[in-house]
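Asks: Sequence:
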Amino acid sequence: MDYRYGSHTVYQIEYHFVWVTKYRYKVLSGEVAERVRELVRQTCEAFEIRIVKGVVSKDHVHILVSSLPNLAPSEIMRRIKGRTASKLFEEFPHLKKRYWGQHFWGRGYFCATVGQMTEEMIKQYLEHHFE
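If you're matching positions, the sequence shown starts at 0 in numbering that gives the first Met the number 0 and goes up one per residue.
Just so you know, nobody snuck in bad clues.
Calculated cross-link-like contacts (lysine-lysine; reagent style DSSO-like; alpha-carbon spacing at most 27 Å):
{"id": "1", "residue 1": "Lys21", "residue 2": "Lys57"}
{"id": "2", "residue 1": "Lys25", "residue 2": "Lys57"}
{"id": "3", "residue 1": "Lys95", "residue 2": "Lys25"}
{"id": "4", "residue 1": "Lys25", "residue 2": "Lys96"}
{"id": "5", "residue 1": "Lys52", "residue 2": "Lys25"}
{"id": "6", "residue 1": "Lys96", "residue 2": "Lys21"}
{"id": "7", "residue 1": "Lys57", "residue 2": "Lys86"}
{"id": "8", "residue 1": "Lys52", "residue 2": "Lys21"}
{"id": "9", "residue 1": "Lys96", "residue 2": "Lys57"}
{"id": "10", "residue 1": "Lys86", "residue 2": "Lys96"}
{"id": "11", "residue 1": "Lys95", "residue 2": "Lys57"}
{"id": "12", "residue 1": "Lys86", "residue 2": "Lys52"}
{"id": "13", "residue 1": "Lys95", "residue 2": "Lys21"}
{"id": "14", "residue 1": "Lys25", "residue 2": "Lys86"}
{"id": "15", "residue 1": "Lys86", "residue 2": "Lys21"}
Ranges between beta-carbon positions, derived for each pair:
{"id": "16", "residue 1": "Lys21", "residue 2": "Phe46", "range": "22 to 32 Å"}
{"id": "17", "residue 1": "Gly29", "residue 2": "Gly5", "range": "34 to 44 Å"}
{"id": "18", "residue 1": "Ser85", "residue 2": "Asp1", "range": "28 to 38 Å"}
{"id": "19", "residue 1": "His93", "residue 2": "Ile121", "range": "43 to 53 Å"}
{"id": "20", "residue 1": "Tyr2", "residue 2": "Ala71", "range": "16 to 26 Å"}
{"id": "21", "residue 1": "Glu126", "residue 2": "Gln11", "range": "14 to 24 Å"}
{"id": "22", "residue 1": "Glu90", "residue 2": "Thr8", "range": "32 to 42 Å"}
{"id": "23", "residue 1": "Ile121", "residue 2": "Lys25", "range": "36 to 46 Å"}
{"id": "24", "residue 1": "Leu67", "residue 2": "Ala111", "range": "11 to 21 Å"}
If you're looking for bench data, these hints aren't it; they were derived computationally from the structure.
All C-beta atoms, glycine included, are put in the ideal place defined by N, C-alpha and C.
My request is simple: use the sequences and hints to build the entire structure.
Replies: Structural data, given as structure tokens:
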């Protein structure tokens with residue numbers, strides 16, 4: 000992944016996210032899965048989040064994204080999960096019956112940072128910085 004540039008910043012911020020449907024119901028197939036894919040793409044595009052790779056499985060979604068430095072991982076997930084859930088309930092009324100509480104996604108998510116620099120490389124750099 001290449002560095003990204005802002006007016007006063009150079010950055011490379013990548014996150015791997017995984018989130019699940021509420022109760023891990025296997026509802027992400029066919030038209031619903033395709034629409035989730037589209038909605039995630041649209042949401043990311045709207046907030047200048049680049050999708051490096053993504054997979055929609057039957058009960059969960061994986062994405063690897065490159066993000067702006069002013070967007071916290073929690074904000075990225077809030078935007079993606081919120082927008083996709085409201086649109087899915089609007090466009091697929093049968094989902095409302097299954098998810099009676101207006102929550103399509105499970106409460107949490109998994110997030111891991113991804114980068115070119117390992118912890119060991121950074122430690123070595125800092126130890127020898129002034130030599």
